[in-house]
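All chains, full assembly: derive it from the sequences and hints.
When we follow this note's numbering, the leftmost residue of the sequence shown carries the number 88, and every step to the right adds one.
Please note: incorrect hints may appear among the correct ones.
[Unchecked claim] EDC-like mimics (lysine to aspartate or glutamate), calculated; alpha carbons at most 20 Å apart, straight line:
{"id": "1", "residue 1": "K285", "residue 2": "D312"}
{"id": "2", "residue 1": "K285", "residue 2": "D271"}
{"id": "3", "residue 1": "K396", "residue 2": "D210"}
{"id": "4", "residue 1": "K285", "residue 2": "D137"}
{"id": "5", "residue 1": "K169", "residue 2": "D133"}
{"id": "6", "residue 1": "K284", "residue 2": "D414"}
{"id": "7", "residue 1": "K169", "residue 2": "D137"}
{"id": "8", "residue 1": "K284", "residue 2": "D271"}
{"id": "9", "residue 1": "K218", "residue 2": "D261"}
{"id": "10", "residue 1": "K285", "residue 2": "D414"}
{"id": "11", "residue 1": "K284", "residue 2": "D312"}
{"id": "12", "residue 1": "K396", "residue 2": "D300"}
Derived from the structure by calculation, the hints contain no laboratory data.
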Amino acid sequence: MHIADVTMFHAPASGGVRTYLQAKHRVFARVPQLRTSLLVPGAERDSLGDHHTLPALHLPLGQGYRFPLRSSPWRDALVDLKPDLIEAGDPYVTAWAALAAGQRLGVPVVGFYHSDLPRLMGDRLGRYIEKRLTRYVTDLYSRFDSVLAPCNAMADRLRDWGVDNVRVQPLGVDLAQFNPQQRDPSFRQTMGIPSDKKLLIFVGRNSREKNIDVLLSTMRQLGSDYHLLLMGPGMPHHVPSNVTIVDRCCGAHEVATALASSDALLHAGTRETFGLIAQEAMACGIPVVAARAGALAENVPLGAGILCKPLDPTAMAESCVALFSNDVAASGRYARRHVERHFNWDGVMHSLLEHYQQLCHGSQSYALHQHH
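Next up, the structure:
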């Protein structure tokens, strides 16, 4: 069986989608008689093993993203790969190319709805744009043989819009990399953070839906007993005195050390479709204080943290105080066990593989039927 993934969400600084694809290729490489190919935008046409790039326009301000403009080269490249199943990881040009290639080859095509495009763009450009994009997404995803969504909230939205055959496919965490053992006793000293502070952390891009301003307001309310470490590109520089900024993209090893060396994750995001950083924090053995919204509402269980009213710094500050008035370390241990049970990449990928096999067998029996 040969599975081909195609997406434009594969920039050096891209988050969840790239992590998902790397994990898929890592886990599937150990399965006999299974081959994976990846087709993504690059500076030029290139093939290195099963990793293929096609040239695409470099997006200004796009964290290194490239945007394909014409679908035919992508369709032809996919047809040449002759996969048994194609998965499209974005709702743009490459998705239409995947559908066209699937039709030519007579193979199933899966659409993974990683990010909530209408809502993200609606927040920035208004409700009219959100409605137009909702119609576009519904039209596109109704054409796939199967649609994957990373959480129940997203799956329900797609179903409400009239997209059928939606399956919840959670992402996972690298449990060896994100591990309580990554804790570094000298980490706080290195960062210039006093060892007696209750250390909160957030890692991510400073994009609108992450609501970094809510985190800063929360820290003003919490005062000097608490300290927040903000890691990621584009972070603000005018911050309260109890906030430390690392304004750049941080590697996974660095993030794991920072998480495991902190006391809790603070997450005000309201548009998370999986909330990978929350799962990574829990895997590092720390609890989560988060907005009760999107995927965070379903992926941070009772006992592994506290969910609070979205966009409300007072509620968030109260939740932090409540968390630290209980046994924070015990919450962290529970969080780690929860991730081990539900979000281990091996388990996640093997259930996905079963789904692929069902789709392929469905199309094969259909092909046999046509011959007879």
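Worksheet item: Going back to the hint list, which numbers does this structure go against?
Response: The structure conflicts with hints 4, 9, although it agrees with all the remaining ones.
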